[in-house]
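*Asks:* Residues per chain, in single letters:
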Amino acid sequence: MKRSTDRILTTHAGSLPRPEDLMELYRDDAPDSKLLPRLQSAIADVVRRQADIGIAIVNDGEYGKAMRRAVDFGAWWSYVYDRLAGFEVRKETAEKGRAAWTFGSKERKEFAEFYAEDGGMGGARTGSSSSRMYGLTCTGPVKYVGQQAIRRDIDLLTSAIRSVRGEEGFITAVSPATLQILPNEHYKSQQDYTWALAEAIREEYNAIVDAGFILQIDDPALVDIWDWWFSIKSDIAGYRKWAEFQVEAVNHALQGIPEDRVRFHICWGSWHGPHSGDVPLKDVVDLLLKVNAQAYSVEMGNVRHEHEWKVWKEKRLPDGKLLIPGVVSHATNLIEHPDLVADRIIRLAKVVGREKVIAGTDCGLGGRIHPQIAWAKLTALSEGAKLASNELWH
Amino acid sequence: MRMSTNRILTSHSGSLPRPDALIEANRAREVGETTEEQAFRAMLQKAVVDVVRHQREIGIDIPGDGEFGKSMGHRINYRAWWSYCFNRLNGLDLGGPGLYDAPPKRAREGEIVLTSPADRRDRAKFPEVYSDSEGGVYTGPRAAHWPICVGPISYKGHEAIQADIACFRTALKACGLEEGFMTSVAPGSAARLANFYYKTDEEFLFAHADALREEYKAIVDAGMILQLDDPAMADNWDMINPEPRVEDYKKFSMVRVEALNHALKGLPQDRIRFHLCWGSWHGPHVTDIPLRDIVDVMLAVNAQAYSFEAGNVRHEHEWTVWEDVTLPDGKFILPGVVSHATNVVEHPELVAQRILRFTDIVGRERVVASTDCGLGGRVHSMIAWAKLESLSQGAALASRKLWGK
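First to last, the protein sequences are chains A and B.
Its first residue numbered 1, the first sequence is counted upward by one per residue in the numbering used here.
Its first residue numbered 1, the second sequence is counted upward by one per residue in the numbering used here.
The hints are simulated quantities; they were obtained by calculation from the structure and are not laboratory data.
Watch out, some of these pointers could steer you wrong.
Unchecked claim - Distance condition first, Cα-Cα at most 25 Å in a straight line; then the derived DSS-like pairs of lysine-lysine:
(1) A:K2 - A:K321
(2) A:K282 - B:K331
(3) A:K315 - B:K401
(4) A:K310 - B:K217
(5) B:K156 - B:K199
(6) A:K282 - A:K106
(7) A:K310 - B:K405
(8) A:K313 - B:K401
(9) A:K313 - B:K405
(10) A:K96 - A:K106
(11) B:K125 - A:K386
(12) A:K350 - B:K401
(13) A:K356 - A:K315
(14) B:K331 - B:K217
Stated by the list, open to error - According to the in silico footprint, chain A covers these stretches of chain B (three or more CB under 8 Å from chain A):
(15) 4 to 12
(16) 280 to 290
(17) 307 to 319
(18) 334 to 345
Cβ atoms here follow ideal geometry from the backbone N, Cα and C, with glycine treated the same way.
Can you make the complete structure from the sequences, with help from the hints?
*Replies:* See below:
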């Protein structure tokens with residue numbers, strides 16, 4: 001994995017805005033003969049655009065993960081719908097929608113009117129292809145069947161990076177902790193279920209790493225399950241026990257994969273809510289560091305988590321590990337000033353060391369904010385990293 | 001004015017979320033569906049008592065009336081801080097073309113001309129964002145008409161401001177409080193209307209100063225703290241196309257400061273605070289002028305305290321400006337440490353970190369923690385109140401660090 005040896009490198013959390021016509025093809029369930037040529041050109045474009053802006057570690061924008069409309073917070077995990085066997089849609093569960101996945105959230109109770117009104121004010125739209133997963137229930141042995149899809153993603157990114165002479169690329173894949181949110185009727189226990197999911201999704205992880213890409217595991221569940229399952233009873237012990245097992249599960253999935261090919265992304269959910277119920281990083285950082293990844297991508301660019309750079313003063317980042325702090329965020333339409341981006345990078349670099357920081361985004365920008373804003377934020381990220389590099393390397 | 005002598009005090013920029021019933025009543029009155037007065041007054045009085053009590057309960061030290069006397073006829077509203085004065089001034093024809101229907105104007109080197117809001121440079125850079133209904137920049141239904149000046153400007157809002165004052169005074173008393181602040185628009189921000197009467201923009205500006213002085217005086221005479229709202233000092237920059245030279249802009253802005261100081265003549269400086277912001281709409285704001293470029297213009301205003309945005313990603317880094325600027329003796333600042341710019345509620349620890357950055361530079365007694373801009377009309381009411389609670393909690397954390405208790 002590339003590190004910030006002579007300057008602060010830049011990357012992002014994965015999702016980038018899709019072109020309208022690509023979303024239309026997905027919306028229409030277009031056949032491969034129509035979808036693939038456009039997917040190929042769109043990925044070539046999005047890789048070139050990242051390179052032009054100065055993003056060092058690039059990806060395919062998650063374009064292979066179907067996003068069907070401009071506002072979509074769920075494509076990062078709904079993509080797996082077509083890649084896993086062993087699931088069926090249960091109508092009665094589907095009718096419950098999102099409620100089937102949660103025991104209730106303290107924040108959603110406290111901010112009931114806000115959530116009932118879907119934000120209620122400008123700037124708070126939500127929409128998600130997660131709804132495609134409503135009712136999806138494990139009813140048989142879980143098996144990875146996405147070999148062709150991940151092959152396609154790999155091939156398209158490979159040729160796109162080659163054409164810009166890029167050095168390093170990453171591909172995202174969903175975590176076992178996220179997948180085990182889908183109800184299970186087949187396995188005896190939640191543990192067995194999670195273990196089977198880990199073994200299935202490992203195929204995707206292996207494919208990405210074997211192709212020479214950095215594997216980014218997307219695991220918002222590791223921290224936002226607090227809100228979905230445990231916050232209502234303020235059960236921090238129960239949550240930590242759950243999280244500890246999830247870390248074992250993801251490490252099981254990662255078995256045999258070299259640590260330095262893996263980065264691990266957590267976030268507290270990217271919806272434009274108050275997030276006042278987010279579990280503090282300090283309560284889970286020890287478990288996070290047990291994940292066998294070299295780098296950890298963590299939100300630090302929004303007002304609920306910006307102060308947490310101080311956590312790294314208390315908790316030493318082990319040798320050889322890297323942090324990818326979010327220094328620009330989907331949480332506001334305002335474009336981060338490059339000086340602020342630099343301040344955020346420098347603050348953390350002074351605590352953990354400049355070579356251990358890669359500047360990133362809080363979460364995927366695609367689907368959460370307007371495309372023009374997303375790209376302006378990546379530009380600010382790149383400019384801010386340059387300013388920070390000038391200061392940190394004089 | 002109270003300063004943070006033994007702990008960090010808290011306040012906010014003025015606008016707070018109105019109850020739905022008041023918004024509906026405002027809407028009905030704005031479109032002339034009703035002229036009923038008594039029940040409206042009673043409703044307004046109750047709402048102001050509630051909003052003052054709510055502020056006191058969560059620990060806001062220097063409360064306002066939420067600007068509830070400034071009519072907001074829709075939950076989403078970014079203009080009540082200014083539009084309230086249209087009914088308080090003579091000389092305006094309220095039936096002019098809509099604010100966004102005005103034609104663009106171009107500036108020339110050395111000659112500053114404000115263009116139309118629709119032609120702001122940030123808009124020109126992000127046309128797709130501003131035109132997208134899901135882009136999140138929606139600022140509520142637009143007014144079909146905007147005033148134009150057709151005669152001499154003078155103040156006629158005596159009754160209205162006295163009603164606001166009486167309402168607020170009753171609310172403060174009901175909550176056992178003595179001091180509160182009331183907002184009033186500054187001449188430079190108010191006089192951004194099409195002028196068909198005065199020979200020069202400067203005459204038009206100073207006519208506003210003379211008229212609005214009456215409102216300022218009424219607020220101060222009533223024993224309230226006067227907050228002057230003057231986003232124009234910063235956001236005019238974005239309304240000049242092409243981008244002017246900074247020195248020309250400062251010259252242009254200093255004329256507006258002179259007009260404001262003219263309006264404030266004889267009023268006690270220690271009863272006056274000044275609010276600057278770059279416009280509260282949820283846009284990219286990449287064309288905002290840096291605080292560094294206009295801080296001396298702001299400090300030329302004859303106020304004791306200065307309120308400005310420091311809690312959003314476009315201006316958060318600007319705390320360092322105070323390392324290079326001397327805040328005159330006896331003056332203090334109200335940096336925004338929570339913001340309307342995001343739905344995410346600021347963590348109290350972040351609020352404390354932000355406060356400490358300022359106190360380290362200007363001294364703990366010279367910082368009152370505040371908001372970037374008004375929260376009413378810009379974020380959901382539940383978010384607004386959660387942010388004010390965070391503000392209060394963060395100030396308490398900072399106070400513990402600063403006074404060791």
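*Asks:* Next step is simple, just say for each hint if it's right about the structure.
*Replies:* Tested hints:
1. A:K2 - A:K321: 12 Å, holds
2. A:K282 - B:K331: Distance of about 39 Å is beyond 25 Å: violated.
3. A:K315 - B:K401: Distance of about 22 Å is within 25 Å: holds.
4. A:K310 - B:K217: It is violated: about 47 Å lies between the C-alpha atoms, which goes past 25 Å.
5. B:K156 - B:K199: 23 Å, holds
6. A:K282 - A:K106: Distance of about 20 Å is within 25 Å: holds.
7. A:K310 - B:K405: 22 Å, holds
8. A:K313 - B:K401: 18 Å, holds
9. A:K313 - B:K405: OK: A:K313 and B:K405 at ~24 Å, within 25 Å.
10. A:K96 - A:K106: Holds, at about 19 Å.
11. B:K125 - A:K386: Status holds; Cα separation ~23 Å.
12. A:K350 - B:K401: 22 Å, holds
13. A:K356 - A:K315: 14 Å, holds
14. B:K331 - B:K217: 21 Å, holds
15. 4 to 12: With 0 residues close enough to chain A, the hint is violated.
16. 280 to 290: Since three or more residues must qualify, the claim that chain A covers the stretch 280 to 290 of chain B holds, with 5 doing so at under 8 Å.
17. 307 to 319: Coverage by chain A holds for the stretch 307 to 319 of chain B (7 residues, Cβ < 8 Å).
18. 334 to 345: Holds, because 7 residues of the stretch 334 to 345 of chain B bring their Cβ atoms closer than 8 Å to Cβ atoms of chain A.
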